[in-house]
Amino acid sequence: MGNREGREAGAHLILLDIALAFLLIGLLSLGGGYAMIPLLQREAARFGILGKEFCNVVAIAEMTPGPVGVNLSTYTGYKVAGVLGAIVATASNVGPTAALMLAISKLFYRFRADAHVERFLSGFRLVVIGLMASAAILMAEAIGLCSDYRAMAIFLAALALGYRRGIHPIPLILAAGAAGLLLY
Amino acid sequence: MIPLIEREIVGERGWVEEGEFLDLIGITQSMPGALAINISTCVGYKVAGAWGALSATLGAIIPPFLSILLAASFLMAAKDVPIVERAFQGIRPAVVALIAASVLRLSRAAGMGGKGAAISIAVALIVLVSGVHPVYVAAIGMGASALWAIARAGRPERI
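Order-wise, the sequence lines are chains U and L. Mapping of the first sequence onto the working numbering: position 86 corresponds to residue 86, and the numbering continues sequentially without gaps. Mapping of the second sequence onto the working numbering: position 109 corresponds to residue 1109, and the numbering continues sequentially without gaps.
By construction, these hints were calculated from the structure, which means they are not laboratory data. Quantities reported herein were computed from a predicted structural model and do not represent experimental measurements. Worth double-checking, as some hints may not be accurate.
Computed footprint of chain L on chain U; a stretch qualifies when at least three of its residues, placed anywhere within it, have a C-beta under 8 angstroms from a C-beta of chain L [claimed, not checked]:
id : segment
1  : 13-20
2  : 25-38
3  : 67-78
4  : 135-141
5  : 165-175
Yeah, the Cβ is synthetic: ideal placement off N, Cα and C, and Gly gets one too.
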């Protein structure tokens, strides 16, 4: 997938690059919610969305309506190749999974009860957890979390409120923004 | 988001029944992609066939698509404004915390034991240390999970 020449060769190749990247990400993201983030992190970096900006974009994707992973895809496509890039990224991210969903929905009930599927999911969930942990660690590194006590304080407070109290992400992000204005 | 979807398609419109909705959640959770969009596709298909699926999927995508375009152009224009950057300095650690909280929640839901934790930690280390692309790790993880599921068929569940 290291298609650097693509960007130099022409706009249609950039679009093809985007389409392939987000198609793979869509098909491999299983586990809902943030499961797409570790897969997107590396691709976003390849398209020039690095470190702090990636964190900013996750926050934006969280605060706008719609699934975080799809929103991140849209943003990345938009940044790389404008509105057309956004359309290609979103469509290739969502289209194949929707088609697969349709194909499977005919087998619907049988599929749901299948013990193999349950077991497969319980195994793959461990992979998703590991990938998400690596994404969080890479992001923490990128923003210098451990060398900034104010950031660490916000992180710990948000972790406690989000995990222990189950506070919704949007008020949490707003409060963290207010804390940023006060502390920095 | 799930309660919102449920109220609309089970309560208001009566497109699917309660039990069927739960099955739908179950199957979409076993499929790649975003849950809300997968549910829309399925319900659209059930109500009006292929065109229903297409329009339901588009309906679920277009509003977030437009709002992210708006937000993206705001972010790109305002990223060097000092007050915005200060707010984001507070927001970034919270975003990391949200993902960390999600890792903890998923681990608890998975009833993770020592062996499970070892697998998750190994996966994280592979990405962090070797720098292998997470997409490949996910693909290999899917294959390995499938083989494991087949190999363990008929034996009691334990992670």
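Could you work out which earlier hints the structure fails to respect and list their numbers in ascending sequence? 1
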